[in-house]
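**Student:** Each chain, written out:
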Amino acid sequence: MRTVRVIPCLDVDAGRVVKGIQFVDLVDAGDPVEMAARYNAQGADELVFLDITASSDHRQTMVDVVSRTAEQVFIPFTVGGGVRSVEDARRLLRAGADKVGINTAAVERPELITEIATEFGAQCVVVAIDARRRPAADGEGEGEGEGEGVAWEVFTHGGRTSTGIDAVHWAERCATIGAGEILLTSMDRDGTRDGFDIDLTRRISDCCPVPLIASGGVGELDHLVAGAVEGAADAVLAASIFHLGEFTVGEAKDHLAAAGVAVRPA
Amino acid sequence: MIAVLDYGIGNLRSAEKALQHVGSDARLVSDPARVADADGVVLPGVGSFGPCARALRDSGLESAALDAIARGTPFLGICIGFQLLYEGSEEDPDQPGLGVLPGMVRALPRGVKHPQMQWNVLDRVADRESGLLAGTPDPAWVYFVHSFAPEMTSDTTSTCDYGGPITASAERGPLWGTQFHPEKSGSVGLGILGNFAREVAGAGPGVSARPVTGRPAPSGTGS
Numbered sequence: 001m002r003t004v005r006v007i008p009c010l011d012v013d014a015g016r017v018v019k020g021i022q023f024v025d026l027v028d029a030g031d032p033v034e035m036a037a038r039y040n041a042q043g044a045d046e047l048v049f050l051d052i053t054a055s056s057d058h059r060q061t062m063v064d065v066v067s068r069t070a071e072q073v074f075i076p077f078t079v080g081g082g083v084r085s086v087e088d089a090r091r092l093l094r095a096g097a098d099k100v101g102i103n104t105a106a107v108e109r110p111e112l113i114t115e116i117a118t119e120f121g122a123q124c125v126v127v128a129i130d131a132r133r134r135p136a137a138d139g140e141g142e143g144e145g146e147g148e149g150v151a152w153e154v155f156t157h158g159g160r161t162s163t164g165i166d167a168v169h170w171a172e173r174c175a176t177i178g179a180g181e182i183l184l185t186s187m188d189r190d191g192t193r194d195g196f197d198i199d200l201t202r203r204i205s206d207c208c209p210v211p212l213i214a215s216g217g218v219g220e221l222d223h224l225v226a227g228a229v230e231g232a233a234d235a236v237l238a239a240s241i242f243h244l245g246e247f248t249v250g251e252a253k254d255h256l257a258a259a260g261v262a263v264r265p266a
Numbered sequence: 001m002i003a004v005l006d007y008g009i010g011n012l013r014s015a016e017k018a019l020q021h022v023g024s025d026a027r028l029v030s031d032p033a034r035v036a037d038a039d040g041v042v043l044p045g046v047g048s049f050g051p052c053a054r055a056l057r058d059s060g061l062e063s064a065a066l067d068a069i070a071r072g073t074p075f076l077g078i079c080i081g082f083q084l085l086y087e088g089s090e091e092d093p094d095q096p097g098l099g100v101l102p103g104m105v106r107a108l109p110r111g112v113k114h115p116q117m118q119w120n121v122l123d124r125v126a127d128r129e130s131g132l133l134a135g136t137p138d139p140a141w142v143y144f145v146h147s148f149a150p151e152m153t154s155d156t157t158s159t160c161d162y163g164g165p166i167t168a169s170a171e172r173g174p175l176w177g178t179q180f181h182p183e184k185s186g187s188v189g190l191g192i193l194g195n196f197a198r199e200v201a202g203a204g205p206g207v208s209a210r211p212v213t214g215r216p217a218p219s220g221t222g223s
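Protein chains in written order, with this note's numbering: chain X, 1 to 266; chain L, 1 to 223.
Calculated directly from the structure, the hints in this document are not laboratory data.
Some hints here could point you the wrong way.
Unchecked claim - Label pairs and their computed distance ranges (CB to CB):
| no. | chain 1 | residue 1 | chain 2 | residue 2 | range |
| --- | --- | --- | --- | --- | --- |
| 1 | L | G131 | X | R2 | 27 to 37 angstroms |
| 2 | X | G245 | L | A70 | 48 to 58 angstroms |
| 3 | L | M104 | X | A14 | 42 to 52 angstroms |
To be verified - From chain X, some residues computed to sit far from chain L (all C-beta separations above 12 angstroms):
| no. | residue |
| --- | --- |
| 4 | E34 |
| 5 | Q60 |
| 6 | H157 |
| 7 | R160 |
| 8 | A258 |
As the list claims (entries may be wrong) - To give an idea of the chain L side of the interface with chain X (calculated C-beta under 10 angstroms), a few residues:
| no. | residue |
| --- | --- |
| 9 | K17 |
| 10 | V46 |
| 11 | G47 |
| 12 | V121 |
| 13 | W141 |
| 14 | E183 |
Here a beta-carbon is modelled for each residue, glycine too, at the ideal position from N, C-alpha and C.
The task is simple: from the sequences and hints, build the whole structure.
**Tutor:** Written as C-alpha cells, this is what we have:
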C-alpha cells in the first residue's frame with residue numbers, strides 16, 4: 001500500500017519557530033520542540049525543521065533543538081539549512097535527526113550528496129530544490145499538457161541566487177548520485193496560499209525515482225489532495241495552515257482520506 | 001542494561017532515547033567487552049547492508065553480538081540491523097551477514113518506489129505467537145525506510161503490503177528483529193520497544209536495576 005505523508009514544516013530562526021510570507025515579516029510562532037510534540041500528537045507523519053538563522057553563531061542552537069526533539073518526539077524528522085559538509089550532517093544525525101536537507105551546498109558541490117549518502121546512507125539525504133518558472137529553452141519543457149513550453153530554474157541561497165540549472169534535470173541527477181528524497185518548493189507559489197505548482201510537482205514525480213515531498217503554496221486542504229493526486233507527490237508539506245491554527249494535521253489527514261488518498265489515520 | 005551497539009553509523013540516538021522513554025536503562029555501547037554485561041542488546045542500522053556489515057565487524061562488536069545471541073540474551077535488530085541477522089543480502093553479495101537467522105535479504109519488488117519511505121500497516125502472520133507485537137493495536141501503523149527486506153521464512157511474524165507481502169518482523173526465541181523503525185513509529189513503536197524492555201527484564205539473572213514500568217506507557221500502545 002502506498003500512503004501519502006503529511007509533513008508540517010517549522011522554520012527556525014535562532015532557536016524559535018518563525019512564520020512569515022516569503023521570508024519577510026517574520027513573527028514568532030513558538031518553541032520548536034513544543035510545536036514538534038504538538039504536531040506529533042496531531043498525527044504528523046514526519047517533521048521538517050528548516051534552520052533559517054542567518055548567522056552561523058547560532059549553529060549549535062539548532063543542534064540543541066534537534067537533541068531535545070529526539071528525546072520527546074518519536075517520529076522521523078529532517079533538518080535542513082546550513083548543511084555544507086559531511087561533518088555538518090554528522091553533527092545533526094548524531095544529535096538525533098533522521099535526515100538532513102541540503103540545498104545550496106548541493107548545487108555548489110554535487111559531490112556532497114554522494115559523500116553524505118556514502119557515509120550515512122541515501123535514506124538520510126534530502127535534497128531541497130527551490131524552483132521558479134521560466135520559459136522553456138531548447139531541450140527543456142518537453143513534457144505535454146499544461147506544463148508545455150514551461151521550465152523551472154533552480155535557485156539557491158534562500159531563493160536569492162539564480163543558477164541557470166533546470167530543476168527537472170537537477171532532481172533526476174540528485175537521485176542518481178545519492179539523494180534519498182527530494183523536497184521540492186515552488187518559489188512562485190511559496191507564501192501565496194494558491195496551492196502547489198502541480199505541473200512542476202508532476203513533472204518531477206514522473207521522472208524522479210525517489211520519493212518526492214511537494215512544498216510551497218498550501219492555503220487550503222484541497223491543495224494537499226491536488227499535490228498527492230494530480231501532482232503524484234509522496235508527501236505533502238505545509239507550514240502556515242498548521243502554524244496559524246487554521247487546520248490540525250488530523251483534519252488535513254481526514255480530508256485526504258475522504259478524497260480517497262491513503263494516509264495513516266491521525 | 002540494554003546495550004545499543006554503537007558501531008559508528010548514522011542516527012543511533014533515537015533508538016537509545018526511545019528505549020529510555022519506555023523506562024529502560026539503554027546506553028550506546030562501543031566497547032565489545034561491555035556487551036557481555038548487557039541484559040539486552042539492540043543492533044540498529046541505517047544505510048546499506050555492506051557498509052554496516054563491515055563497520056560492525058571492524059568495530060569488534062560483531063563477535064560480541066554473536067556471543068550475546070549464543071547466550072540467549074534478548075536481542076533486537078532494527079532495519080539494517082535486522083537484515084544483518086540473516087545470511088546475506090542481494091544488496092552486497094560479497095558481505096556475509098551474521099547468519100543467525102536462515103534466509104537472504106532481497107530487493108523490494110519492481111513497480112514500486114525504492115525506498116519504501118512511509119508508514120504502513122503490519123499484517124500479523126496467522127497462528128504465530130509474537131512477544132514483539134503483543135498488545136499492538138489493529139491496525140498497527142509503523143514507519144519504514146528500506147529498499148531491501150529479508151525473505152519470508154518460518155521466523156516471520158508480520159509483513160506489510162508493498163508491491164506484495166514484505167517481511168516486517170521476525171522472531172526466533174529471544175532473537176527479534178524489525179524491518180521498520182519502532183523508535184520512529186510513534187506510540188505503536190514505543191509499545192513494541194516496551195515489549196522488548198519487558199522481555200529483557202524478565203530474562204535471566206541480570207535484570208535491569210531500573211524497573212521497566214517506571215514511566216507510564218504512552219496512550220495507545222495497548223500495553
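**Student:** Next step is simple, just say for each hint if it's right about the structure.
**Tutor:** Do the hints match the structure? See the list:
1. G131(L) to R2(X): 27 to 37 angstroms: Given about 30 angstroms between the Cβ atoms, the range holds.
2. G245(X) to A70(L): 48 to 58 angstroms: Because 55 angstroms falls inside the window, the suggested range holds.
3. M104(L) to A14(X): 42 to 52 angstroms: holds (50 angstroms)
4. E34: holds (17 angstroms)
5. Q60: holds (16 angstroms)
6. H157: Holds, since 28 angstroms exceeds 12 angstroms.
7. R160: Holds, because the least Cβ-Cβ distance between R160(X) and chain L comes to about 30 angstroms, which exceeds 12 angstroms.
8. A258: holds (18 angstroms)
9. K17: holds (5 angstroms)
10. V46: Hint on V46(L): holds, closest Cβ of chain X at ~5 angstroms, below 10 angstroms.
11. G47: At about 3 angstroms, which falls below the 10 angstroms cut-off, the nearest Cβ of chain X leaves the hint on G47(L) intact, so it holds.
12. V121: holds (7 angstroms)
13. W141: With a minimum Cβ separation of about 5 angstroms from chain X (threshold 10 angstroms), the hint on W141(L) holds.
14. E183: holds (6 angstroms)
The structure shown violates none of the earlier numbered hints.
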